[in-house]
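Asks: These are the residues of each chain, in order.
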Amino acid sequence: MLNVLLTVIHRDLLVAFRRRAELMNPVLFYAIVVTLFPLGVSPDVSFLSKLAPGVVWVTALLAALISVERIFKQDFEDGSIEQLFLSPYPVSLLIFGKVVAHWIITGVPMLGIVPIMAMLLHIPGQVLPVLWISVLIGTPILSLVGAIGAALTVGLGGGGMLIGLLVLPLYIPVLIFASSAVSAAMDGQAVSGQLAMLGAGLILALILAPLAISASLKVSMD
Amino acid sequence: MMWKFLHRLSSLKYFYEWSGKWIPWLTGLTIVLMVAGFYWGLFIAPADYQQGETYRIIFVHVPAAWMSMFVYVIMAIAGFTALIWRTKVSEIVVSECAVIGAMFTALALITGMLWGKPTWGTYWQWDARLTSELILLFLYLGVVAIHSAIEDSRTASRLSGILAVIGVINIPIIHFSVTWWNSLHQPNMQLVSASPSVHPSMLYPLLVMAAAFQAYFIVLLIIRMRNQILYRERRTNWVKQLLVEVN
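Sequence lines, in order, name chains A and B.
With numbering that gives the first Met the number 0 as the guide, the letters of the first sequence map in order to residues 0 to 221.
With numbering that gives the first Met the number 0 as the guide, the letters of the second sequence map in order to residues 0 to 246.
By construction, these hints were calculated from the structure, which means they are not laboratory data.
Predicted model, so just to flag it, every value in this text is computed and none were measured.
Glycine included, each C-beta is placed from N, C-alpha and C at the ideal position.
Careful, some of the hints might be misleading.
Beta-carbon label-pair distances, calculated as ranges [claimed, not checked]:
| # | chain 1 | residue 1 | chain 2 | residue 2 | range |
| --- | --- | --- | --- | --- | --- |
| 1 | A | 103 | B | 49 | 53 to 61 Å |
| 2 | A | 192 | B | 120 | 28 to 36 Å |
| 3 | A | 13 | B | 239 | 53 to 61 Å |
| 4 | B | 119 | A | 199 | 46 to 54 Å |
| 5 | A | 192 | B | 52 | 42 to 50 Å |
| 6 | B | 151 | A | 13 | 28 to 36 Å |
| 7 | B | 121 | A | 119 | 28 to 36 Å |
| 8 | A | 0 | B | 4 | 21 to 29 Å |
| 9 | B | 119 | A | 40 | 23 to 31 Å |
| 10 | B | 19 | A | 191 | 54 to 62 Å |
Let's have the full structure, built from the sequences with the hints guiding it.
Replies: The structure is reproduced here in structure tokens:
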């Protein structure tokens with residue numbers, strides 16, 4: 000079973016690494032959107048650092064949303080998804096592998112760039128571990144929930160706007176708990192509550208999202 | 000007996016014929032309850048000692064807010080049954096509930112804003128309840144949006160059913176996250192709550208209005224479902240026969 004999962008992950012990573020230039024896109028998108036806030040709002044240090052937890056997380060939401068849109072598209076069009084349904088293994092497991100691969104491609108680079116962005120937004124250094132942990136727990140949820148939206152809209156031509164409409168309301172709890180963890184850390188308060196809620200959200204998403212994704216893909220196929 | 004009836008009801012033709020008989024009765028009930036509730040609430044119930052006459056908007060606002068949540072649960076149950084048993088009737092319930100629920104939610108938000116202006120001095124406040132009601136509206140509109148984006152009506156209904164079921168898991172999460180987020184950053188607002196602190200002279204007309212909204216929802220749902228059934232079954236013989244009889 001584990002071998003099957005690893006095979007799916009390996010295959011998706013292989014496909015992604017064939018187009019190496021595209022790998023950087025989510026990270027670049029992230030960096031550019033974060034840059035917009037000092038320009039659009041104010042470069043003032045105290046103001047910016049107050050805004051920073053929200054900025055970091057709103058941007059993460061948007062980056063996840065944009066990258067997740069194409070997670071099933073190509074495989075759906077060339078029939079690979081149908082092959083997954085024909086295989087003797089549970090579809091939600093195989094689908095889970097695809098989501099893990101998506102997270103490795105988009106979430107893991109974000110773990111790398113977030114400290115730099117935090118520095119640009121004047122988030123104090125001692126808050127970085129909390130920010131980093133919130134990204135570590137939060138981005139897999141974004142991939143899992145976003146993949147549900149992608150699966151729901153996979154049969155449509157251009158689902159771009161629509162997937163945002165479906166997924167962003169479901170992202171709200173992640174935004175709230177993650178950014179309030181970072182804000183609390185900046186105020187020197189305890190953050191274990193918010194991080195625990197994020198962890199609970201991750202567990203819930205890990206259990207339920209693969210089922211919802213495979214159900215949606217199945218409906219989209221007939 | 001019960002199952003047999005439900006099974007027959009899941010046929011679109013049977014549902015169409017069966018529900019037609021109920022419309023006049025339910026419409027009558029809705030009108031009676033609405034008129035009674037409005038008259039009781041707007042003319043008989045006493046004015047509030049603090050808010051004066053402005054509080055009377057709760058006779059629309061509170062039932063609409065209750066319905067906004069009730070309809071979502073109905074929609075999610077229908078979405079679930081549509082996924083499991085693939086019954087066409089429950090597929091139609093999902094898509095029609097989404098529109099009606101969005102309407103009730105919008106009504107609750109708008110009446111709340113109109114009440115908020117004279118009472119709080121502002122139309123909008125990022126209060127926990129207001130925010131989660133707004134997100135509820137977004138969830139409804141998402142279901143409406145995905146349903147209208149997909150051409151094939153059966154696929155559209157089943158996918159929006161999945162979204163409705165996911166939403167029902169998320170509603171408590173959103174509700175509590177918003178409440179906690181709010182308590183971290185903002186002082187609490189004093190909202191009119193439906194606790195027993197409401198005096199019977201105001202509570203009873205409120206309950207009548209709530210019943211009126213329920214009846215209105217059922218009538219509206221049946222009428223919308225019947226239209227949708229006629230549209231989906233427009234190529235079948237029984238609908239063509241029906242049209243011939245009407246004309």
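Asks: Hint by hint, say whether it matches the structure.
Replies: Tested hints:
no.	hint	in the structure
1	103(A) with 49(B): 53 to 61 Å	holds, 58 Å
2	192(A) with 120(B): 28 to 36 Å	holds, 33 Å
3	13(A) with 239(B): 53 to 61 Å	holds, 55 Å
4	119(B) with 199(A): 46 to 54 Å	violated, 34 Å
5	192(A) with 52(B): 42 to 50 Å	holds, 43 Å
6	151(B) with 13(A): 28 to 36 Å	holds, 34 Å
7	121(B) with 119(A): 28 to 36 Å	holds, 35 Å
8	0(A) with 4(B): 21 to 29 Å	violated, 44 Å
9	119(B) with 40(A): 23 to 31 Å	holds, 27 Å
10	19(B) with 191(A): 54 to 62 Å	holds, 59 Å
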